[in-house]
Amino acid sequence: NAGVMQNPRHLVRRRGQEARLRCSPMKGHSHVYWYRQLPEEGLKFMVYLQKENIIDESGMPKERFSAEFPKEGPSILRIQQVVRGDSAAYFCASSPPVGAANEKLFFGSGTQLSVL
Amino acid sequence: AQSVAQPEDQVNVAEGNPLTVKCTYSVSGNPYLFWYVQYPNRGLQFLLKYITGDNLVKGSYGFEAEFNKSQTSFHLKKPSALVSDSALYFCAVRDGSSNTGKLIFGQGTTLQVKP
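Quick mapping for you: the protein sequence lines, in order, are chains A and B. In case it helps, our numbering puts the first sequence at residues 1 to 116. In case it helps, our numbering puts the second sequence at residues 1001 to 1115.
Since the hints were made in silico from the structure, they are not lab data. Quick caveat, the model's predicted, so the values are computed rather than measured. Yeah, the Cβ is synthetic: ideal placement off N, Cα and C, and Gly gets one too. Treat the hints with care, as some may be off.
Straight-line alpha carbon distances no greater than 25 Å define the calculated SDA-like cross-link-like pairs of lysine to any residue that follow [unchecked claim]: (1) A:K44 - B:G1053; (2) A:K62 - B:S1003; (3) B:K1114 - B:S1084; (4) B:K1049 - B:Q1010; (5) A:K27 - A:P97; (6) A:K62 - B:N1099; (7) B:K1077 - B:L1056; (8) A:K104 - B:V1027; (9) A:K27 - B:L1048; (10) A:K44 - B:L1047; (11) B:K1069 - B:S1097; (12) A:K104 - B:G1062; (13) A:K51 - B:K1114; (14) A:K44 - B:F1046; (15) A:K104 - B:I1051; (16) B:K1022 - A:P39; (17) A:K104 - B:E1066; (18) B:K1058 - B:T1110; (19) B:K1049 - A:E103; (20) B:K1049 - B:N1030; (21) A:K44 - B:Q1010; (22) A:K104 - B:S1026; (23) A:K104 - B:K1114; (24) B:K1049 - A:P96; (25) A:K71 - A:E52; (26) A:K62 - B:Q1002; (27) B:K1077 - A:N102; (28) B:K1049 - A:F106; (29) B:K1114 - A:G42; (30) A:K104 - B:T1110; (31) B:K1049 - A:G3; (32) B:K1058 - A:E103; (33) A:K104 - B:G1059; (34) A:K27 - B:S1060.
Stretches of chain B that chain A covers, calculated by requiring three or more beta carbons in the stretch to come under 8 Å of a beta carbon on chain A [what the hints assert, rightly or not]: (35) 1018–1029; (36) 1042–1050.
Work out the full structure, taking the sequences as your base and the hints as a guide.
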């Protein structure tokens, strides 16, 4: 059973370009979470999605950032017009339904975004 | 709103000695508490969780944690540290009475185990 798959592992963009980060949850999981990790900081929650729905986007910056989890295919975190401050490791996690006995977050290996 | 505090940026212990990584939390409802470990350039790996029941929770790699409601703490412990335990450790909390599985993480504590 494959774990949470994120790609690419490393992404380099120039200022003003767009970054697209992909996440395929574990088989059978329909809940996806995105977190951002900056150097010397912990993981900051960004957004929580279920299939075709954004449930909680309280951690998303108001501009340039968006996320989706379509009915088919991976979840996408999209950053438009990237700036140097967007450089960070972005982690995706998936989980079984909330309240399940085995509930916990399973993390991918992350995408390291570097903005030149 | 939930929050987690890990008061130590780094903990240093000698191999074979017991270790403790501290965590305190704040949550309005029932606390669901988790510990994760992160090795360099890797994602987070689940160690253990407390949902309900026995206050002492045992997890992976010989780690355990004790839930203390009165002190709102969930410290991570191991009786005998290994060099391979050196990593970044995160405590996390969620409100068990909510319908979201979103976890709030602490800042992380770097554990260094020296031979």
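Structure-based check of all given hints:
no.	hint	result
1	A:K44 - B:G1053	violated (29 Å)
2	A:K62 - B:S1003	holds (22 Å)
3	B:K1114 - B:S1084	holds (10 Å)
4	B:K1049 - B:Q1010	holds (22 Å)
5	A:K27 - A:P97	holds (13 Å)
6	A:K62 - B:N1099	holds (24 Å)
7	B:K1077 - B:L1056	holds (10 Å)
8	A:K104 - B:V1027	holds (18 Å)
9	A:K27 - B:L1048	holds (22 Å)
10	A:K44 - B:L1047	holds (19 Å)
11	B:K1069 - B:S1097	holds (16 Å)
12	A:K104 - B:G1062	holds (19 Å)
13	A:K51 - B:K1114	violated (46 Å)
14	A:K44 - B:F1046	holds (17 Å)
15	A:K104 - B:I1051	holds (11 Å)
16	B:K1022 - A:P39	holds (21 Å)
17	A:K104 - B:E1066	holds (18 Å)
18	B:K1058 - B:T1110	holds (21 Å)
19	B:K1049 - A:E103	holds (10 Å)
20	B:K1049 - B:N1030	holds (13 Å)
21	A:K44 - B:Q1010	holds (20 Å)
22	A:K104 - B:S1026	holds (19 Å)
23	A:K104 - B:K1114	violated (31 Å)
24	B:K1049 - A:P96	holds (15 Å)
25	A:K71 - A:E52	holds (6 Å)
26	A:K62 - B:Q1002	holds (21 Å)
27	B:K1077 - A:N102	holds (22 Å)
28	B:K1049 - A:F106	holds (13 Å)
29	B:K1114 - A:G42	holds (24 Å)
30	A:K104 - B:T1110	holds (22 Å)
31	B:K1049 - A:G3	holds (20 Å)
32	B:K1058 - A:E103	holds (16 Å)
33	A:K104 - B:G1059	holds (13 Å)
34	A:K27 - B:S1060	holds (23 Å)
35	1018–1029	violated (count 0)
36	1042–1050	holds (count 6)
Checked against the numbered hints above, the structure breaks hints 1, 13, 23, 35 and satisfies the rest.
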